[in-house]
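Colleague: Please work from the sequences and hints to get the whole structure.
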Amino acid sequence: MIHLPLLPVLVPLVAAILQLALHRAGPGLARGLGLASVALLALASALLLRATGDGGVIPVQLGNWPAPFGITFVADRLAATMVAVTTAVAIPALLAATDGTDRMGRHFHPFFQLQLAGLNGAFLTGDLFNLFVFFEVLLIASYGLLAHGGGPARARTGLHYVALNLAGSILFLFALGLLYGTLGTLNLADVAGRLATVPEADQPLVRTALALMLGVFAFKAAILPLGFWLPHAYAAASAPVAALYAVLTKVGIYAMLRLSATALAGTPWTADLLAPWLMPAALGTVVVATLGVLAARRLGPMVAHLLLLSTGMLAVGVAVGGPAMLAALLYYLPHTTLVSAALFLLVGRIVAWRGEAADRIEHGPRPPGAGWLAAAFLALAIAVTGLPPLSGFLGKVMMLAAAPATPTGYVIWGSFILSGFVGALAMARAASVLFWEPVGPLREAPPGPAGRARADLALALSLAFVPLLVLGAAPLSAHAQATAEQIAARRPYLEAVLPDGSAPVARERRP
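Residue numbers (this note's numbering): 1 to 511.
Hints are computed from structural coordinates only; laboratory data are not their basis. Note that the structure is predicted; figures quoted are calculated from it, not measured. Wrong hints could be hidden among the right ones.
[What the hints assert, rightly or not] Here are the computed distance ranges between Cβ atoms for each label pair:
id, residue 1, residue 2, range
1, Leu457, Ala431, 15 to 25 Å
2, Leu468, Gly105, 32 to 42 Å
3, Ala211, Gly371, 45 to 55 Å
4, Leu166, Gly105, 16 to 26 Å
5, Ala153, Leu205, 39 to 49 Å
Think of the CB as a built atom: it goes at the ideal place given N, C-alpha and C, for glycine as much as any other residue.
Modeller: What follows is the structure, encoded as structure tokens:
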């Protein structure tokens, strides 16, 4: 059990290597290896949740090199939750890809597994440099997945996506260099200890490095003014890829939360580094995403803006902070990730049936099985807009209850309620056009029976999480509360990684 935190990274990494080595054996073997990998990931996620459920923190020092000198993986409630959410998205997304999407280009399955390895590694690493490494792993895989299937739209969007993320990676590396040059360490627990002893002359440089790093995390989370890349990229991707992409923005949210709660909160001169600029940026994201939902004329961009809207709400939670808001955030995060992924899969099914009309919100052919798709659309619309009685409503109520009784808190109330109303209006308009009065015959043949059955099964599996999140609201909220308290306490994480306190690292004195 001591090496359990390594499994969510090793399992997809080994699967990707095997898929590349055996790619000549045909797509069937690659699919089998991929499905076996996500099944093992589900088992590893369950074991990780159980192992950390009592509040324990499990550190793994690779090669027995003690922290902060070696590579450290750390599993606590927060990391285990994020790995479980990633796995819950990956299973239906991979199953949906077997409808034929995975045959639209080469090496879909290795890219998919490498993306999982990068995501899980980012959640489990205890070192800022290795966070950068796993960012690059998941981003390189996401480049390949975005371009999968080809076409001018994906090529154009992919070029913008790659250029922007490369710029973000350069800034991240620059921030790491500044931080290492002043602190002499990049181990997160060690950084938390060393911030308290930074000479006053070095504090502006450290603040600059940390602010730059937080800005990169905000870019990864698509927070304004750095989030305009997301709707185009997610709308251009194939449905299974877009579903997996629902986790990508959560990496940025997780990184901001982990760095601010673990390292920055313990030192007065860094404690206020995040909230002053994140709150207006997050509220701006909510407003702009709401307008994007209302203005969307295609389902893909509409769902992408809904995802961006939920990311803004999560960023508001990070900016407010405190155990109550963090507990609400950690309840809402799995909901919005799973529902957004299900919406992307639903868009894929609608596009497959509507032929030339694709995802345009206009009258088109009536799809066979329209009742099933309409019911799925209704359930997901209620969930994503935060209407009762589904889990989105519970998550929003928890976040609003934790909002401060200040002018900023009133703005949070207004933006959350208005965004939910506008989202419901936009989804109702889309449903009326797509399902209420469709016209014309079916213009293109749907996928074959086997592919259609697998895609429908994947969508049904994603939809199953919606009632489960409601039925399990009590244990899930209790888990979220316990996780928030563990994050706020800080001490269990720091003592698990560095039981003897911060280790001295010799560095040259600056002239």
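Colleague: Hint says 15 to 25 Å; check whether the CB-CB distance for Leu457 and Ala431 agrees.
Modeller: holds, 23 Å
Colleague: Does the Cβ distance between Ala211 and Gly371 fall inside 45 to 55 Å?
Modeller: Check passed, 52 Å falls within 45 to 55 Å.
Colleague: So does Leu166 sit 16 to 26 Å from Gly105, Cβ to Cβ?
Modeller: holds, 22 Å
Colleague: Is it true that the C-beta distance of Leu468 to Gly105 lies inside 32 to 42 Å, as the hint says?
Modeller: holds, 33 Å
Colleague: Just to be sure I understand the hint, the distance between the Cβ atoms of Ala153 and Leu205 should be within 39 to 49 Å; is that true here?
Modeller: 43 Å Cβ-Cβ, so the 39 to 49 Å window holds.
Of the hints listed earlier, there is not a single one the structure fails to meet.
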